[in-house]
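Number of protein chains: 2
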Amino acid sequence: MARSSRTVRLLFGTTLAGLVAFGAAPAQSQETRAAIEAGNKQVSAAFAKGDAAALAALYTRTAEVFPPGGDVAKGKEAIQKMFQGAIDAGVKDLTLSTVEVEQHGDTAHEVGVWTMKGPDGAVVDHGKYIVVWKKEQGRWKLHRDIWNGSTPPKP
Amino acid sequence: MARSSRTVRLLFGTTLAGLVAFGAAPAQSQETRAAIEAGNKQVSAAFAKGDAAALAALYTRTAEVFPPGGDVAKGKEAIQKMFQGAIDAGVKDLTLSTVEVEQHGDTAHEVGVWTMKGPDGAVVDHGKYIVVWKKEQGRWKLHRDIWNGSTPPKP
Numbered sequence: 001m002a003r004s005s006r007t008v009r010l011l012f013g014t015t016l017a018g019l020v021a022f023g024a025a026p027a028q029s030q031e032t033r034a035a036i037e038a039g040n041k042q043v044s045a046a047f048a049k050g051d052a053a054a055l056a057a058l059y060t061r062t063a064e065v066f067p068p069g070g071d072v073a074k075g076k077e078a079i080q081k082m083f084q085g086a087i088d089a090g091v092k093d094l095t096l097s098t099v100e101v102e103q104h105g106d107t108a109h110e111v112g113v114w115t116m117k118g119p120d121g122a123v124v125d126h127g128k129y130i131v132v133w134k135k136e137q138g139r140w141k142l143h144r145d146i147w148n149g150s151t152p153p154k155p
Numbered sequence: 001m002a003r004s005s006r007t008v009r010l011l012f013g014t015t016l017a018g019l020v021a022f023g024a025a026p027a028q029s030q031e032t033r034a035a036i037e038a039g040n041k042q043v044s045a046a047f048a049k050g051d052a053a054a055l056a057a058l059y060t061r062t063a064e065v066f067p068p069g070g071d072v073a074k075g076k077e078a079i080q081k082m083f084q085g086a087i088d089a090g091v092k093d094l095t096l097s098t099v100e101v102e103q104h105g106d107t108a109h110e111v112g113v114w115t116m117k118g119p120d121g122a123v124v125d126h127g128k129y130i131v132v133w134k135k136e137q138g139r140w141k142l143h144r145d146i147w148n149g150s151t152p153p154k155p
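Those sequence lines, one after another, are chains A and B.
At position 110 of the first sequence the residue is numbered 110 (this note's numbering), and the sequence of numbers has no breaks.
At position 5 of the second sequence the residue is numbered 5 (this note's numbering), and the sequence of numbers has no breaks.
Among these hints, one or two may not hold up.
Treat identical chains as interchangeable: a pair holds within one or across any two.
Stated by the list, open to error - Cut-off 30 Å, straight-line C-alpha distance, at most; resulting in silico cross-link-like pairs (DSSO-like, lysine-lysine): (1) K141 <-> K92; (2) K49 <-> K141; (3) K134 <-> K154; (4) K154 <-> K76; (5) K135 <-> K81; (6) K135 <-> K41; (7) K76 <-> K117; (8) K154 <-> K135; (9) K141 <-> K154; (10) K117 <-> K74; (11) K74 <-> K134; (12) K41 <-> K74; (13) K74 <-> K141; (14) K92 <-> K154; (15) K117 <-> K154.
Simulated from the structure, these hints should not be mistaken for laboratory data.
Construct the complete structure from the given sequences, taking the supplied hints into account.
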């Protein structure tokens with residue numbers, strides 16, 4: 001079945017690109033989008049510093065993160081531990097680019113794309129994500145966070 | 001058999017239990033959650049029948065799907081093509097289990113877990129997803145859809 005899964009991913013890999021070229025502008029305030037983009041810059045900065053505690057601090061108290069290849073990380077302690085694992089594994093240069101933000105009161109969902117670079121500055125992986133943000137004590141924080149990679153697995 | 005029961009235990013013992021045990025009940029109407037759960041059953045039924053057109057019809061006109069290992073599928077035609085690829089690769093027995101629904105007017109986001117079984121009924125893969133649903137012409141449809149697998153990559 002590993003073979004079938006790989007085939008599935010390969011076939012998925014043949015679908016069209018164009019994530020950044022989306023048309024319709026969804027409901028959002030520019031202020032909220034700016035706050036989310038600033039939050040994403042803080043994510044990148046924390047990875048660059050290798051600071052898993054700073055990463056966890058960007059999440060709500062009841063946040064859940066859904067990493068590929070692992071189970072849910074629930075709550076700040078588990079989230080910090082998971083990101084420490086990513087940092088230890090060499091994740092350092094991560095860029096998050098917002099494609100879409102749709103706000104509903106103190107909740108917003110964001111669609112975006114991520115790019116990871118290696119020590120030589122070359123892109124080593126890229127993909128997309130959905131984050132549900134919540135305003136907690138006046139500050140937008142990541143509340144639900146899932147992503148995957150777009151690179152087809154090697155045959 | 002030993003392997004599949006271990007997988008089942010991993011799924012239900014860790015992933016699902018962990019998600020279900022999450023305390024706070026988010027804002028939702030029971031009606032909306034029921035509609036979303038019914039929509040998920042339609043997804044499973046369409047996979048079981050190998051009907052990619054029926055799958056695509058469950059999505060909004062401006063839907064976007066973010067499959068692992070591939071780029072975004074944007075719009076019904078691209079979504080149908082992507083699911084046809086999955087069906088052709090053998091995806092047939094897919095179960096979606098809602099963990100959380102949070103509704104904001106005609107938008108809702110769902111967190112859930114998925115299980116894929118092989119022809120012998122054994123679980124071959126499992127993971128989690130976030131779907132943003134939109135009420136379109138009075139009917140809840142999938143609007144943004146991303147998932148990943150929870151099985152760690154083989155060393």
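Exercise for the section: Would you list, in rising numerical order, the hints stated earlier that this structure does not obey? Expected result: 3, 8 and 9
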